[in-house]
Structures are given as structure tokens and as C-alpha cells.
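Produce the entire structure from the sequences given, and follow the hints as far as they go.
Number of protein chains: 2
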Amino acid sequence: MRPGRDDALLTDLYQLTMAQAYLEHGLTETAEFEFFVRDLPGERNFLLAAGLEQVLDYLQGLTFDEAALEWLESTGRFSRTLLDWLAGLTFTGDVDAVPEGTAVFADEPLLRVRAPMPLAQLVESRVINLLHFQTLIASKAARIRLAARDRLLVDFGMRRAHGAEAAVLAARAAWIAGFDGTATVAAGRAFGIPIYGTMAHSFIEAHPDEVSAFRNFLVSHPGSGILLIDTWDTERAARRVVELAREDPATKAAIKGVRIDSGDLGDHARRVRRILDEGGLEGVTLFASGNLDEYAVDDLVADQAPVDGLGVGTRLDVASDAPYLDCAYKLQSYAGEPRRKRSEGKATWAGAKQVHREHHAGRMVRDRLTPADEAAPGHALLHPVLRGGEPVNERPGLAAIRDHAAAEVEALPEALRSLEPTIEPYPVLVSERLHEVTREADRLGEAPT
Amino acid sequence: MRPGRDDALLTDLYQLTMAQAYLEHGLTETAEFEFFVRDLPGERNFLLAAGLEQVLDYLQGLTFDEAALEWLESTGRFSRTLLDWLAGLTFTGDVDAVPEGTAVFADEPLLRVRAPMPLAQLVESRVINLLHFQTLIASKAARIRLAARDRLLVDFGMRRAHGAEAAVLAARAAWIAGFDGTATVAAGRAFGIPIYGTMAHSFIEAHPDEVSAFRNFLVSHPGSGILLIDTWDTERAARRVVELAREDPATKAAIKGVRIDSGDLGDHARRVRRILDEGGLEGVTLFASGNLDEYAVDDLVADQAPVDGLGVGTRLDVASDAPYLDCAYKLQSYAGEPRRKRSEGKATWAGAKQVHREHHAGRMVRDRLTPADEAAPGHALLHPVLRGGEPVNERPGLAAIRDHAAAEVEALPEALRSLEPTIEPYPVLVSERLHEVTREADRLGEAPT
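Taken in sequence, the protein lines are chains A and B.
Counting along the first sequence from 1, when you hit position 409 you're at 409 in UniProt numbering, and nothing is skipped either side.
Counting along the second sequence from 1, when you hit position 22 you're at 22 in UniProt numbering, and nothing is skipped either side.
If you are wondering where the hints come from, they were derived from the structure by calculation, not from laboratory data.
No residue lacks a Cβ here, since even glycine has one placed at the ideal position from N, Cα and C.
The hints are all genuine.
Quick list of simulated restraints, FRET-style, between CB atoms:
#1 92/B / 88/A: 43 to 49 Å
#2 28/B / 249/A: 27 to 33 Å
#3 71/B / 393/A: 25 to 31 Å
#4 212/B / 429/A: 32 to 38 Å
#5 43/B / 423/A: 27 to 33 Å
#6 389/B / 88/A: 40 to 46 Å
#7 379/B / 65/A: 44 to 50 Å
#8 211/B / 88/A: 28 to 34 Å
And the structure:
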């Protein structure tokens with residue numbers, strides 16, 4: 001897996017069959033689609049938008065190579081019309097989007113695609129796949145960051161992330177949301193995210209005893225050795241670290257930290273901290289991991305457990321309490337006329353939209369959803385990103401995205417920064433003109449009987 | 001994403017730092033590691049093993065290319081010893097594994113790796129990442145298959161799967177567990193899984209009216225047209241399908257089915273079925289989708305809703321009710337001596353193990369966990385797969401794996417085939433000799449204070 005190298009066949013079959021029908025019947029006028037989240041999970045007071053960079057990599061690199069075309073033809077499902085169109089395909093449309101790291105809420109478009117209907121439709125599946133996942137993880141990670149206050153936070157989730165791409169992109173999304181780094185080496189290489197690591201229990205177990213394991217690791221990694229102390233008896237191991245440090249100053253200097261990965265983390269941390277401090281190892285840091293999420297992290301930090309760093313794995317990388325978002329990529333207009341879906345329980349606002357956000361005293365106070373061309377107080381969240389397939393501006397670097405995310409979380413109303421669900425959700429108003437456009441769409445479309 | 005093309009850097013940093021320490025201190029004797037699930041989620045009565053083929057692709061293709069080595073060197077973290085070793089690395093170890101599609105339970109090894117310590121350790125992160133995800137999805141999909149009885153089942157989950165690889169491998173895992181196909185085109189190409197598709201609401205909305213949308217799609221896809229009828233009014237759309245079919249026999253023949261994607265699916269299905277039947281469209285199939293999981297499918301089928309096919313998406317592809325398994329890849333022996341972890345709440349059985357399964361009257365009745373070399377009643381689940389890095393046998397095809405999975409689910413005790421948690425879990429006995437080996441490991445290792 002390398003970001004930016006995409007398979008054009010990573011799509012739902014119906015995107016191809018619909019494209020064929022659009023082409024064969026001349027439905028090639030301009031369409032506008034928007035990606036948005038219908039409802040926030042009950043466990044989320046806000047979302048952080050993420051994944052735009054990978055969407056742009058996908059769109060700007062979109063091409064059906066010879067092998068893909070041959071395979072499609074071999075299925076016998078597709079007409080010459082479709083195959084010829086795919087053979088010459090590149091993404092020539094416009095994209096407007098909310099910058100990565102921006103706080104967003106239900107019904108607010110994160111991305112708008114404007115392109116000929118078959119093209120705007122074709123990219124749906126992968127655009128959702130990319131925006132959904134990183135927004136999901138960044139939103140989870142932001143909560144863990146809030147709970148951890150100023151503690152060092154590292155993503156440990158690669159092994160239980162859902163596949164290779166999820167592992168690497170979860171590390172990216174977590175870093176955007178304020179994590180300090182990841183254990184996933186490929187994410188370090190792909191995105192320049194700082195990488196962190198300690199040691200596994202197997203390393204201890206392969207040695208005849210704990211002390212020789214510690215000693216060997218310190219010799220190989222002087223100054224970066226974080227020793228895992230819970231393989232057998234956590235406090236005894238901490239005392240051994242103290243004894244080891246007394247052997248000579250070089251060994252002492254080589255010890256960077258210790259890690260606890262099981263049991264009552266807060267309780268062990270307090271005992272271990274005392275042992276280390278009494279042994280003259282005040283500078284040795286204490287790292288905790290094991291089944292952590294924002295609630296467990298909050299408990300540790302609120303209890304003033306002396307943990308300097310926290311490794312959060314599975315529950316971050318799969319967003320275990322809310323592992324998906326109810327999101328969609330929906331047609332908003334076709335050939336200049338507003339459109340919307342009215343299926344039961346799934347009705348949406350019609351037409352291309354903009355989100356206007358107002359601040360007061362440094363905090364965001366309300367958003368207003370309007371037709372894209374309506375003026376409104378506050379600043380607009382969606383900005384032009386691609387025009388005719390070409391980038392409008394240079395992309396922001398990952399560090400700038402991360403800074404933006406931190407500022408966004410800082411500017412949230414205080415109640416939304418709590419881990420508990422807010423009683424009063426953030427106000428997203430709907431302008432009168434958007435109501436009108438939506439009524440217009442219903443008049444143009446078909447009304448329910 | 002293409003299966004079999006892996007990034008050697010897709011690993012946790014500590015695998016590399018530990019490898020360096022192993023090499024520098026001569027800890028290069030043979031190690032045995034096993035992958036197993038510690039506990040089943042409360043919502044699962046059994047698991048279906050899956051993902052072995054991708055693990056073998058990874059191991060057999062493992063190599064650190066020039067660019068990866070240069071990047072590693074550029075970090076300044078690694079010694080010449082490690083970098084030289086990585087440069088010459090291929091997987092030369094032994095693998096024993098449970099065939100894909102086999103039903104497995106807590107504590108039972110799905111895979112054992114036997115290799116020099118640095119190598120056996122290095123592959124941990126990606127081996128877990130691959131076995132965990134497909135086992136997770138196959139186990140979820142098997143429940144949906146049980147609930148659906150003989151209905152056609154299609155994976156619709158690509159868009160909310162966690163990234164590209166998750167989408168493609170979820171389709172594979174679901175197919176193994178008895179799904180009939182997937183909407184994910186890349187999975188069709190990669191694995192030959194049958195692909196299915198209908199149309200989206202946007203297709204309807206782009207047309208001036210529903211009937212012209214239906215007509216255009218049928219002209220472009222005669223005989224495979226599944227018409228989406230819930231964009232505005234489901235029953236009115238069904239009546240329009242009947243009217244359309246009356247226009248001429250060719251149009252009638254072109255209609256393969258209809259799909260309902262919102263509202264009370266069972267209620268709509270009954271009304272729509274009646275409209276179609278009364279309109280002479282008894283042969284037109286009815287496809288339902290929208291927020292389905294095994295419970296919703298079971299409700300529909302138990303209520304005898306006239307649905308022929310079901311599309312299951314997000315809740316399958318992220319295993320939404322239990323989005324991860326508590327699994328591990330643990331050191332079992334080093335240099336011929338048994339090893340185990342004894343951290344609080346995470347103790348395991350020591351030494352290389354085998355699972356023996358007994359059947360009675362076509363049903364599995366009990367498993368027995370033993371040291372790998374102990375004879376026991378029943379048949380052994382783990383088989384040699386690689387020796388010295390070379391395959392022992394030809395790999396089974398995906399169809400054979402799928403047949404095996406179906407036979408395994410058929411052979412489960414009846415109580416385990418229920419969607420409800422069993423009161424009495426499947427019996428996994430532990431042999432007396434395995435108790436002895438584990439005591440031996442504790443004697444050789446360190447005892448808690």
C-alpha cells in the first residue's frame with residue numbers, strides 16, 4: 001500500500017453500469033454531488049474532517065490501465081461505449097472542500113464534486129471510502145487527545161486495524177488530531193509522522209532472565225530504550241531497572257523509560273514511579289498501554305496517574321465504540337437544477353451548499369447551511385480545491401493541517417469538548433433560501449403520492 | 001491495493017528495534033510463535049479462520065527493497081548489523097496452520113511460525129493484521145449467512161470498509177463464509193468472486209422522471225436490470241415497473257429485479273411483491289438493502305418477507321457489533337524450551353500446540369488442546385503449510401475453502417448456530433501434558449514474586 005497508488009476498479013459495480021447508461025442515453029450534463037454525514041454517532045459531539053489529501057491523490061491519478069480495461073471487457077458486462085470512455089478517462093471536474101482538520105457537524109458537506117454526470121458518479125465509492133475512514137479516526141483521536149491533556153500519545157493500532165491501508169491512514173488521521181506519533185513504520189515513511197516503539201513480551205521471554213533482556217536492549221538502543229516491565233511482576237521489574245542503572249552511569253543514561261501493559265495501569269504507575277524516583281531515576285519516563293480508549297485515558301489522567309506517555313491501539317484504529325459514520329455522497333444538482341433524495345428517513349437538503357461559521361470571543365457559536373452562492377455571516381468552510389481537474393492552490397502540509405485541527409478543537413464550545421454527549425448539539429441553522437431550493441427540487445422532481 | 005504486493009515497512013517499529021537487539025546479542029535460535037484469539041466477543045459463538053492465503057503471500061514475498069533500506073538508514077535509528085540482515089532477508093521458516101474456513105474457538109492456534117527468533121518476531125504485526133481482519137469478517141458473515149437461510153447475499157460494504165484493502169478482503173472473507181458475491185469490482189478481479197450491482201438513487205434523480213430512468217437502464221442492461229424503487233414512493237414505483245413491462249415483451253424480459261433500500265423492508269417487500277405478481281411479473285426478483293445485519297436479516301426471513309436477495313454493507317464490512325477480536329501472536333518456545341506470557345489477565349498456554357477435534361454423528365463435539373507432538377482422539381486442525389519457506393502443498397482454491405466453511409458451519413453444534421449467545425460454550429479441553437508443559441515454562445521462566 002502506498003498512498004496515491006489507486007486501483008480504478010476499487011469501486012462498486014453499479015458505478016460502472018450506471019456510467020454506461022448515462023453515456024448511452026446522453027445524461028452527460030454537469031452534476032454536483034456532496035459528501036456529508038447524516039447523523040453523528042451518539043458518542044461524538046463533533047467530527048474532524050480528514051482524508052481530503054487521499055481523495056485528491058485518487059482523483060488526480062484516476063486512470064483505467066490496459067489490464068483493467070481488458071478485465072472489464074472479459075466480463076462481457078460492458079459496452080464498447082463504456083470501455084472507450086473509461087480508456088480516455090481522467091478527472092476533469094471541480095472540487096470544493098472543507099480543509100482537513102476542520103470541525104464539522106451533521107448535514108454539513110465536507111466535499112463537493114462538480115463534473116459531467118458519469119464522472120461525478122463513478123468516483124463515489126472510493127471518495128466515500130477515503131473520507132469516511134479518516135474522518136472516523138480523526139474524530140475518535142481528537143477525543144483521546146482531549147482526555148490525555150498534555151500526555152504523549154502514540155498510535156499502537158496497526159495489528160488490529162482493518163488491513164494495510166487502514167493502518168497507515170489511521171496513523172495519519174490520529175496525527176492530524178493531535179497524536180504525537182505512531183508505531184507504524186510505513187506511516188512514518190509515507191507521511192513523515194514521528195515513529196515510536198518499545199519492546200514486546202517475547203523479547204523478555206527469549207532471554208534467560210529479565211535483567212539480561214533489559215541489558216541487551218539498552219546496549220543496542222542506548223538512550224531510546226523503553227523497557228517493558230510487566231511480563232512477570234511489574235514492581236519487581238521496576239526494582240531491577242533501578243539496580244541495573246546503578247551498575248554504571250552509561251547504563252543509567254541509556255534508560256529512557258519503562259512501559260506497563262497490563263493490570264491496573266494507574267495503580268502500577270504510582271508504585272513504579274515511586275520505585276524509580278527512590279532509585280534516582282526521576283528522569284525515566286513512564287509509558288502505559290493496554291485496552292486504552294478516551295475513557296480509560298481520562299480516568300488515568302483525572303486520577304493524576306504519573307504516566308508520561310500512552311499507547312492507544314485497537315480502540316483508536318477501529319473506532320471501536322462507533323466503527324462507522326452514517327455518511328453519504330449525494331446528487332445535489334443535475335444540469336443546473338437542484339435534486340434531492342426523499343427516501344423514508346433519508347431526505348437531504350437540495351442543491352450545492354456552503355457552510356458559514358460564526359465565532360464569538362474565539363469560540364465557534366453557530367453554523368449556517370445555505371445554497372452555495374448565498375452570502376451569510378461568518379466565514380465559509382468549503383474552498384475551491386480543483387478546477388478542471390487542476391489544483392487551485394498548493395496543498396497544505398500535514399503539520400499545518402495538524403495545527404488547524406488543534407485550533408478547531410480549541411475553538412469548540414466547551415460542552416462539545418466533553419467526552420459525555422452534549423445535551424444541546426451545536427447549532428447548524430438552515431437558511432430560508434435553502435428551504436426554498438429544497439422545495440424547488442421537490443417540485444422539479446417527483447412528489448410522494 | 002493488490003493482494004500479494006506488500007510493504008515490508010508495514011510493521012511496528014519495535015519489531016525492527018527488537019530484531020536489531022536479537023542479532024547483536026546472538027538470540028537467533030529457533031522460535032515458535034502462535035496466533036490465536038484469547039476470547040470470543042460475546043456476540044460470537046464461533047469464529048471462521050480466514051486470511052491464511054494473504055499471510056502466505058506476505059511471507060513468501062517478504063523483502064526489503066533498496067528504497068526501504070535507504071529510508072530506514074536515513075532515520076539514523078538502526079545499526080549496520082540490522083540493515084545488512086534486512087537486505088538479505090527472505091522468509092525461510094516453517095508455518096503450520098488451520099485451513100481457511102475452519103471453525104475455531106478461544107485459545108486455539110490458527111497459525112504457528114517456526115523460524116530464527118529475529119525473523120519469527122519481525123513478521124508479527126502484518127501476520128496479525130491479515131489474520132485478524134479476515135477472521136473477523138468471515139465470522140460475522142457466517143452469522144449473516146445462517147440468518148439469511150437460502151436467500152442470495154451480496155456484500156455492499158466497500159464504501160464504509162476501512163480503506164482499500166479492507167474492502168477487497170472483506171469481500172473475500174464474506175464469500176468464504178457463504179455470501180454469493182460482492183459489489184466490489186476489485187474483489188471480483190482479484191479473487192474471481194461474482195460481482196453484483198443495481199443502481200443508485202442519483203441515477204433516478206438525474207432523469208426527468210422515474211420511468212425514463214428505468215427505461216434507460218433496461219436498454220443499457222437488458223436482462224440484468226435491477227431497478228431501485230424507493231427514491232420517492234416505493235409502491236408507486238412498483239406499479240410503474242408493471243406498466244413499463246406491459247409496453248412490450250422485450251422490456252418485460254429486460255427486467256430482472258427491483259430493489260428496496262429504505263423504510264420497513266418487510267412491509268414494502270410484501271406490498272411490492274403483490275403489485276408485481278398481480279402485474280404478471282412473478283419472475284421479477286426482489287432485492288432488499290439498508291442497514292442490514294444478521295438480526296435484521298433474521299427478522300425479515302423469519303417473518304417470511306418475500307425477499308430473494310439481500311445486500312449487506314457497512315455492518316458486515318466493519319463487523320459493527322464487534323469490530324475487533326482479542327487476538328495475539330505469542331512466543332511459545334525459544335531454543336527448544338517452552339515459553340509463555342504471564343502478565344495479569346493475559347496468561348497463555350506454553351509451547352507449540354495442536355488442536356484435535358472430535359465429531360459424533362456429523363457434528364463436532366469437542367476439541368482438545370495439546371502439545372504439538374501429543375497424540376489425541378479426533379483429527380488435527382493445524383497442518384504443515386511452509387517448510388523452509390517453501391510451500392508443502394498446492395494452495396486450496398477459494399471455492400474449496402468456501403465449501404469447507406459451509407461444511408464446518410453445518411457441523412457446528414446446533415446451539416452455536418443460533419444468533420443468540422450460547423449458554424454453554426463449545427468445549428475446548430486442555431490435555432494434562434499441556435498443563436505440564438506450561439508448568440515447565442513457568443519453572444524455566446521467572447515466577448511472580
